[in-house]
Each structure stands twice: as structure tokens, then as C-alpha cells.
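K.L.:
Please model the complete structure; the sequences and the hints are all you need to start from.
Protein chains: 2
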Amino acid sequence: MKNNFIIMALFLILLGCSQQQKEKSKDNEEIVEKELSHDELMASVLPKAHNIKTIGVLVYDGVNSLDVFGPRYILSQIMGAKTQLIALKLGNVTSVTGIEFVPDTTIDQVNSLDVLVIPGGFKGTIEAAYDKEVQDWIRKIDKTTTYTTSVCTGAWILGSTGLLKGKKATTNWFRAKEMLAKYGAKFTGKRYTKDGKYWTSAGVTAGMDMSLALLEEIVGRNYAEGVMLDVEYDPFPPFEGGSPEKTTPEVLQFMTTMYAAGVDPIIAKLEKEKPEVTSK
Amino acid sequence: MKNNFIIMALFLILLGCSQQQKEKSKDNEEIVEKELSHDELMASVLPKAHNIKTIGVLVYDGVNSLDVFGPRYILSQIMGAKTQLIALKLGNVTSVTGIEFVPDTTIDQVNSLDVLVIPGGFKGTIEAAYDKEVQDWIRKIDKTTTYTTSVCTGAWILGSTGLLKGKKATTNWFRAKEMLAKYGAKFTGKRYTKDGKYWTSAGVTAGMDMSLALLEEIVGRNYAEGVMLDVEYDPFPPFEGGSPEKTTPEVLQFMTTMYAAGVDPIIAKLEKEKPEVTSK
Numbered sequence: 001m002k003n004n005f006i007i008m009a010l011f012l013i014l015l016g017c018s019q020q021q022k023e024k025s026k027d028n029e030e031i032v033e034k035e036l037s038h039d040e041l042m043a044s045v046l047p048k049a050h051n052i053k054t055i056g057v058l059v060y061d062g063v064n065s066l067d068v069f070g071p072r073y074i075l076s077q078i079m080g081a082k083t084q085l086i087a088l089k090l091g092n093v094t095s096v097t098g099i100e101f102v103p104d105t106t107i108d109q110v111n112s113l114d115v116l117v118i119p120g121g122f123k124g125t126i127e128a129a130y131d132k133e134v135q136d137w138i139r140k141i142d143k144t145t146t147y148t149t150s151v152c153t154g155a156w157i158l159g160s161t162g163l164l165k166g167k168k169a170t171t172n173w174f175r176a177k178e179m180l181a182k183y184g185a186k187f188t189g190k191r192y193t194k195d196g197k198y199w200t201s202a203g204v205t206a207g208m209d210m211s212l213a214l215l216e217e218i219v220g221r222n223y224a225e226g227v228m229l230d231v232e233y234d235p236f237p238p239f240e241g242g243s244p245e246k247t248t249p250e251v252l253q254f255m256t257t258m259y260a261a262g263v264d265p266i267i268a269k270l271e272k273e274k275p276e277v278t279s280k
Numbered sequence: 001m002k003n004n005f006i007i008m009a010l011f012l013i014l015l016g017c018s019q020q021q022k023e024k025s026k027d028n029e030e031i032v033e034k035e036l037s038h039d040e041l042m043a044s045v046l047p048k049a050h051n052i053k054t055i056g057v058l059v060y061d062g063v064n065s066l067d068v069f070g071p072r073y074i075l076s077q078i079m080g081a082k083t084q085l086i087a088l089k090l091g092n093v094t095s096v097t098g099i100e101f102v103p104d105t106t107i108d109q110v111n112s113l114d115v116l117v118i119p120g121g122f123k124g125t126i127e128a129a130y131d132k133e134v135q136d137w138i139r140k141i142d143k144t145t146t147y148t149t150s151v152c153t154g155a156w157i158l159g160s161t162g163l164l165k166g167k168k169a170t171t172n173w174f175r176a177k178e179m180l181a182k183y184g185a186k187f188t189g190k191r192y193t194k195d196g197k198y199w200t201s202a203g204v205t206a207g208m209d210m211s212l213a214l215l216e217e218i219v220g221r222n223y224a225e226g227v228m229l230d231v232e233y234d235p236f237p238p239f240e241g242g243s244p245e246k247t248t249p250e251v252l253q254f255m256t257t258m259y260a261a262g263v264d265p266i267i268a269k270l271e272k273e274k275p276e277v278t279s280k
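So the sequences go chain by chain: E and Y.
Numbering follows the working numbering, with no gaps: position 67 of the first sequence is 67.
Numbering follows the working numbering, with no gaps: position 97 of the second sequence is 97.
What the hints contain is simulated information worked out from the structure, not anything from laboratory work.
Since the model is a prediction, treat every value here as computed from it, not as a measurement.
Treat the hints with caution; some may be incorrect.
One copy or two, either will do: identical chains are not told apart, so a pair holds if it fits within one copy or between any two.
Simulated crosslink set (EDC-like; lysine to aspartate or glutamate; CA at most 20 Å straight-line) [as the list claims (entries may be wrong)]:
(1) 89 <-> 100
(2) 132 <-> 108
(3) 190 <-> 240
(4) 167 <-> 127
(5) 246 <-> 216
(6) 274 <-> 195
(7) 89 <-> 108
(8) 269 <-> 245
(9) 168 <-> 195
(10) 177 <-> 142
P.N.:
See below:
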């Protein structure tokens with residue numbers, strides 16, 4: 001429950017402070033356009049009934065920190081659900097840019113989840129997509145989930161399990177169509193895509209958009225809007241970019257060449273070492 | 001240097017792979033509109049010369065994880081600079097939603113920085129704004145910085161040092177004008193605001209917009225666009241919200257009441273215990 005403690009704690013305080021709220025309405029006039037009674041307020045903003053109790057974000061060395069912490073922040077606001085960072089093995093995890101953090105548990109301790117989030121990254125992501133133990137765990141968990149989701153190149157891991165076969169999906173921009181085709185999935189080019197219980201998002205920051213959409217589906221629009229205000233998510237990119245279409249051609253060429261130079265040798269090595277895993 | 005290892009490592013690979021790149025241009029036709037020579041590519045995308053060598057993000061128990069990890073990810077892509085998470089004391093830090101992570105160093109080990117980032121949060125943030133040791137450290141570091149910045153309620157901490165007096169600034173939406181006025185600053189209502197070397201951002205996710213703008217200023221537009229594509233930052237919020245103006249009135253009332261119920265007792269307690277610190 002520690003993950004939801006602010007919302008929950010403040011919520012409990014709020015339940016007992018309708019009097020205080022009324023006394024404050026004058027001070028809040030500037031921003032509060034229409035003052036509801038305490039009961040009306042509760043009824044309109046309380047999350048709707050849901051069955052989501054356990055949310056797990058898979059983490060591993062080399063995971064992208066924003067792929068993890070964007071969804072982790074947003075989904076951990078679901079009241080009544082416990083959100084955990086689930087590592088492949090015991091010990092701290094280090095993200096692709098060098099952030100060391102402490103996971104909550106490990107895959108051998110987790111046998112079911114209502115929501116599974118598979119984040120992407122770089123080398124560690126590709127390795128996970130050729131790791132039979134990771135794939136088996138994801139397939140086992142998927143049998144229990146209400147939503148199985150991925151962020152960025154997390155779709156490469158999810159795809160490697162065979163679970164995206166015949167599905168519409170999205171992923172990080174780099175070789176998106178080709179990588180999803182490899183796993184039998186059809187690239188939509190969207191910021192996030194739902195195909196039944198399989199939700200996938202484009203690269204890194206798209207995980208936040210997907211998580212907010214998932215939050216809206218699970219707890220309802222008003223509560224999700226509260227969380228959106230909590231993270232003040234009214235984005236204002238300082239310049240144009242962020243997708244292949246909006247990026248200056250030479251920058252796109254640079255990034256594509258750089259990614260290819262990093263990714264190709266790793267895939268080539270793994271395809272040689274573990275060809276059986278890629279035949280899924 | 002660990003923070004930049006992907007960009008740097010791949011960059012070095014790229015320097016030696018112009019031949020490979022030319023061989024690949026056919027495969028990349030779909031997304032590469034205009035193929036530049038290796039030298040042209042380098043010249044157009046390489047970061048411009050800069051003097052930024054040390055970047056520090058202040059972290060403390062109760063900090064907002066996205067306030068930290070958004071800017072941390074983006075700013076750590078500055079080639080030649082070292083980005084560190086700097087804690088108030090030894091030991092792991094736990095974010096406001098319960099993420100435990102390992103800082104790189106502590107404030108007593110850091111005497112100068114080129115870029116200081118002060119993230120916000122909730123209880124821990126308010127306490128830091130009444131902590132003379134924190135304020136003294138920030139004032140000391142500020143004497144050495146090229147940029148002193150804050151994210152979200154991090155402006156409350158920065159403001160408490162007196163450094164925002166007479167400045168234009170922005171902060172988290174909750175009581176923004178009132179909180180900045182308390183510290184002698186003028187609230188701009190913008191997503192991020194620059195007043196000389198003092199850059200401040202609105203709540204949580206606004207730290208990413210500010211960091212991208214700062215990145216553009218430091219390393220130039222093309223390199224910053226590369227990082228923007230790396231995080232695929234082409235945001236698509238699934239529904240309207242994220243600012244007081246765009247939020248449904250009852251949700252705004254709910255969040256305002258909830259925040260006030262959480263914040264007021266903490267401020268009241270600290271104002272009583274440490275009134276001398278607030279007189280800055």
C-alpha cells in the first residue's frame with residue numbers, strides 16, 4: 001500500500017474535513033469555479049469500482065528509467081492496488097543511464113498480476129527478448145492479467161513471447177514495423193495501441209500517455225484527471241521533434257545510424273547463440 | 001561518465017563506422033530522407049562547445065520521482081558532463097510514491113556545480129524549505145552555477161533561500177502565485193520560466209520540457225532534437241487536463257482541497273518551529 005499513501009492518506013484526511021473545506025472556499029475563489037458539497041465532490045471524483053489489485057513493472061539492468069518511472073508513478077495512484085517493481089533476480093537494478101534503484105520483489109516470487117508493464121531499454125532489453133526464463137514468466141503471468149502492456153522496446157520482449165502474434169501494436173520508432181513484424185504483430189504507428197488486453201506504447205515518454213489512458217479505463221475519467229493534474233501533464237515541448245516525422249532528417253539519420261550500430265551486433269550475437277528462442 | 005555511456009559509446013562506434021553506414025543506406029531508405037556523408041552528419045548533430053561539466057539533482061526522502069528522473073534522463077545526455085543525484089545524507093532515498101533509489105553522493109561532498117536541479121515533492125519538500133543546512137548548501141552552490149533550476153515545488157525550496165527574490169518564476173499549480181509571492185518572486189504561469197540563470201518549471205512533468213529547453217541552450221538544437229527523439233517526446237495526452245485551466249472544476253476543487261489538507265498542517269508546524277528560516 002505504500003505506493004498510494006499520499007492519495008490515500010490525504011483522501012482520509014479529506015473525508016473528515018468537509019467543515020474545513022467550507023471555511024476555505026473564500027480563499028480558493030480564484031481557482032475554484034463551482035463549489036460542490038463534500039458528498040457531491042466525493043461522488044464525482046472517487047475512483048469507480050475496479051478489480052485491479054496487483055500491478056507489476058518488470059525491471060532489469062539496462063532498463064530505461066523513464067519507461068519504468070512514468071507508468072510506475074501514474075499506475076501507483078490506483079487506490080486499492082499495489083504496484084511493484086519486479087526484478088529478474090535479487091539485488092539492485094541499474095538503468096541504462098546509470099540510475100541504481102531497489103526493486104520490490106523478483107519474478108520467482110510473483111505468480112499472478114492484474115496489470116503487467118514491460119518497459120524497454122537497450123542492451124538489457126534485447127537480452128531479455130532472448131531469455132527463455134523471462135519469456136516463460138511473462139507467459140505465465142499473462143494468463144492471469146487483465147492488462148498486459150509494454151512501453152517502448154518493451155514490445156520486443158513482449159513480442160518474443162509470441163503473445164503479440166496477430167495483434168496490432170506499437171513500439172519505439174526505431175525499426176518499429178520490422179521488429180513487430182518479426183513477432184507477427186502489426187505496427188500501428190500510434191502513440192499507444194490497444195488490442196484486447198494487450199496495450200503497447202511508443203518510445204519512452206509514450207508510456208505516460210498509455211498509463212493515463214489505462215488509468216482512465218480502470219478508475220474513470222475524473223479520478224484520472226486528478227492524477228493528470230497531480231503530475232501537471234499539460235506538455236509543452238520547447239521545439240518540434242520527438243517522432244521520426246517531426247525530426248530534422250539529418251538528426252533522424254544520425255539517431256538511426258547510432259541505434260543500428262549499437263543494436264545490430266547484440267542481435268547478431270544472440271541470434272547465433274539462442275536461435276531457438278527467436279522462432280516464437 | 002557512466003550517465004552518458006550509451007550516447008558516448010555509440011558515438012565512438014559511429015565515428016568508426018562510416019563505411020558500415022554507407023552500406024546500410026539502402027535498408028534505411030524508408031526513414032532516412034536525405035543521406036549525408038559521415039562528416040556532414042557529425043558536423044550537423046555534434047553538440048556545440050559548452051562549459052557544462054557537472055550537473056547535480058538534489059534528492060531527499062519524499063521527493064517526486066518524476067521531478068528527478070525526467071531531468072536526470074535528459075540532462076545526463078550532455079556529452080562531457082557528469083550528472084549526479086545528490087542526497088542530503090548518506091543512504092538510499094525513497095520517493096514520495098515509495099521508489100527507493102541509490103544517490104551518487106551527498107551535499108557535504110559537493111562544493112560546486114555547473115547546473116543545479118532542485119526537484120519538488122510533498123512533505124520532504126516543505127521540510128527542505130525550512131532546513132537551514134539545505135538552504136546554505138544551495139546558496140553556496142548557486143555562487144558556482146551557470147544554471148540554477150527547480151522543478152515543481154522545488155521552487156519552494158529554491159525560493160526559501162532568497163535566490164528568487166525579485167525574479168520571475170513558475171512552480172506547481174497549487175497556490176503557485178501565493179507561494180512564489182512569499183519568496184518575493186513573481187509567478188508567470190508558464191510551463192517553464194527563465195530569469196537570467198534561474199530556470200524554474202511548473203509541476204512534475206514540466207521538468208522535462210524545461211530540461212529539453214536547457215539541453216537545446218547548452219548543446220544546440222540538433223543534438224537536443226536527437227535526445228527528444230531518443231525519448232520519443234511527441235506527447236499525446238489521452239484526455240484534456242494537466243493544468244488548473246484545463247481540469248474539470250470539481251476535480252480541481254477536489255485536488256486543491258486534498259493538497260491543502262496535506263500541506264497546511266505541515267507548514268503550520270514548521271512556521272511555528274522554525275519561523276526564522278521563513279523570513280528570508
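K.L.:
If a hint holds in the structure, say so; if it does not, say that too.
P.N.:
Verification of the hints:
1. Both within a single protomer and between protomers do residue 89 and residue 100 lie at most 20 Å apart by alpha-carbon distance, with minima of 14 Å and 17 Å respectively.
2. In this assembly of identical chains, residue 132 and residue 108 lie within 20 Å of each other by CA distance solely inside one copy; the values are 14 Å within and 46 Å between copies.
3. Both within a single protomer and between protomers do residue 190 and residue 240 lie at most 20 Å apart by alpha-carbon distance, with minima of 18 Å and 18 Å respectively.
4. Neither within a single protomer nor between protomers do residue 167 and residue 127 lie at most 20 Å apart by alpha-carbon distance, with minima of 23 Å and 49 Å respectively.
5. Taking the closest pair of Cα atoms, residue 246 and residue 216 come within 20 Å of each other only across two copies (16 Å); inside a single copy the shortest separation is 28 Å, beyond that limit.
6. In this assembly of identical chains, the alpha carbons of residue 274 and residue 195 never lie at most 20 Å apart, being 29 Å within a copy and 55 Å across copies at closest.
7. When the C-alpha separation of residue 89 and residue 108 is checked against a cutoff of 20 Å, the pair qualifies only within one copy, where the shortest distance is 8 Å, while the shortest distance between copies is 34 Å.
8. Taking the shortest alpha-carbon separations for residue 269 and residue 245, neither the intra-copy value of 31 Å nor the inter-copy value of 52 Å comes in at or below 20 Å.
9. In this assembly of identical chains, residue 168 and residue 195 lie within 20 Å of each other by CA distance solely inside one copy; the values are 6 Å within and 47 Å between copies.
10. Taking CA atoms no more than 20 Å apart as the test, residue 177 paired with residue 142 passes in neither setting, with 24 Å inside one copy and 47 Å between copies.
Checked against the numbered hints listed earlier, the structure breaks hints 4, 6, 8 and 10; every other hint is satisfied.
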